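Position 183 of the sequence shown, counting from 1, maps to 183 under my numbering, and the rest follow consecutively.
To be clear, the hints were calculated from the coordinates, so they are not data collected in a lab.
Predicted model, so just to flag it, every value in this text is computed and none were measured.
Do not rely on the hints blindly, as some may be mistaken.
[Unchecked claim] The calculated DSSO-like cross-link candidates involving lysine-lysine, where the alpha carbons are at most 27 Å apart (straight line), are:
no., residue 1, residue 2
1, K123, K102
2, K73, K102
3, K61, K123
4, K102, K61
5, K73, K119
6, K102, K119
7, K252, K207
8, K73, K252
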Amino acid sequence: MANRIQSLLGVAYPVVQAPMTYIARAELAAAVSEAGGLGVIETLTPEGRADLQRVRELTDKPVAANLMIQGWKGDPSIVDTLAEAGVRHVFTSAGDPALFTKLLHDADMTVVHVVGSLKGALKAADAGVDALVVEGVEGGGFKSLLGASTMVLLPLVAENVDVPIIAAGGICDARSAAASLVLGAEGVQMGTRMLASHEAAVHANFKDAIVAANDSGTVLLDVPGNPTMRVLRTGLAARVAAHDPDSRLLGKITELYFDGDMEASVANTGQVSSRIVDLLPVAEIIRRTWDEMEAVLDGARARAESL
């Protein structure tokens, strides 16, 4: 039987690819959707918006779009762009969901909002969103210095908000997905694990750095004039974290992502990188994550019964 996230999104596996700016493009999203999960395309860049149409050459499965509210709050025309591309599911983030939820619903789109706090979850529920992505502070990319971990935040939100939840932050396999379900989620979102896939279009140097990272391999950077970010503790990021006065500018991220220059900028990556030991096709990542979960839960039951 399908759970609420599967039914809402029309997917075989409630496994969502995170909407990473510059990276969440047509090829990666299509591969995830073809494998039974939900691919997501970013809309901050012109290339991402063009891929809302191009992805339909690659798959006829459901594909979602991300809408970063801060980037579009003065320009609701993005809703028309999404509608023209036939988008049915929109993941909103980074702003007040009330600004776009009704507009998206009026265009017959499902709205899933990303939150990093209980306050944000309650606000999104009041705005009428259809589901939430609840993301702990261990996830990669933009974060709050005051944020809670997934272990704390996920059950807190699940106990107080009655909408379906997708867990994010620290998830890369069946074991972490099973923990998310126990804590109250009905699906998972993965960013760093999807970066370390065959289909992600980022440079091999970035992928190799994820695989090589240990449990102290990321850092939260709080650089004046920039959002707080969790990134790999390499090159420029390591110098910024060490308060090197000559390293306050964060450089050009695309040179790191696509040219492989790990000194060019900072690499948005989650703490779960320490648990990723190889590069896999996204189809295998998705299948293993969901299909192996029952064995993980059976093992947990066996350990509990032996107490």
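Here's how the hints hold up against the structure:
Restraint check for K123 and K102: the C-alpha separation of about 14 Å stays at or below 27 Å, so the hint holds. For a cut-off of 27 Å, the pair hint linking K73 to K102 stands: about 13 Å separates their Cα positions. Between K61 and K123 the CA atoms are separated by roughly 31 Å; this puts the pair beyond 27 Å, and the hint is violated. Between K102 and K61, the direct Cα distance comes to roughly 25 Å. Compliance with the 27 Å bound is thereby established for this hinted pair.
The hinted pair formed by K73 and K119 meets the criterion: a straight-line CA distance of about 20 Å does not exceed 27 Å. A C-alpha spacing of about 20 Å is found between K102 and K119, which places the hinted pair at or below 27 Å, so the restraint holds. Proximity of K252 to K207 is assessed by CA-CA distance (about 18 Å); at most 27 Å being required, the pair is judged to hold. Annotation: proposed proximity of K73 to K252 holds, straight-line Cα distance about 25 Å (limit 27 Å).
Checked against the numbered hints given earlier, this structure breaks only hint 3.
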